[in-house]
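Chemist: Sequence:
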Amino acid sequence: MNDWNLDEVSSFLKDHSSGLIYFYTPLCGTCQVASRMLQIIEKMVDVEIGKINLNYNSELAIKFEIESVPCLIFIKNGEIVDTIYAFQSVPFLYERLKHHFN
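Start counting the sequence shown at 89; every next residue gets the next number (the working numbering).
Keep in mind the hints are simulated off the structure, nothing from the lab. Among these hints, one or two may not hold up.
With a cut-off of at most 25 Å between alpha-carbon atoms, the simulated BS3-like pairs for lysine-lysine come out as follows [what the hints assert, rightly or not]:
#: 1; residue 1: Lys164; residue 2: Lys131
#: 2; residue 1: Lys164; residue 2: Lys102
#: 3; residue 1: Lys151; residue 2: Lys139
#: 4; residue 1: Lys131; residue 2: Lys186
#: 5; residue 1: Lys131; residue 2: Lys151
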């Protein structure tokens, strides 16, 4: 899971790619738990995951209408197909991934 900037996100969407974009802030305790969950998920599936620190990329919060962090956006063929704010559990995230990227 690599940190992405505005250019990398734009390129990902322009190429009609599929994957996840994870929005966080470093001091958010819930984000730290969500990050650990995504590190586990990343080992289980072959889906590209980019992460964005909103402290340095606040314009992306406006562009994607992010209401709070942590936030996980599911992108399929360059389009948003789902957004999650409540990272309930690793199995929950895995099932959502299977639903969208099976």
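Chemist: A separate judgement is required for each hint: does it hold in the structure or not?
Modeler: Outcome of the hint check:
1. Lys164 / Lys131: Holds: Lys164 and Lys131 sit about 20 Å apart, inside 25 Å.
2. Lys164 / Lys102: holds, 12 Å
3. Lys151 / Lys139: holds, 15 Å
4. Lys131 / Lys186: holds, 14 Å
5. Lys131 / Lys151: violated, 29 Å
Of the numbered hints listed earlier, the single one contradicted by the structure is hint 5.
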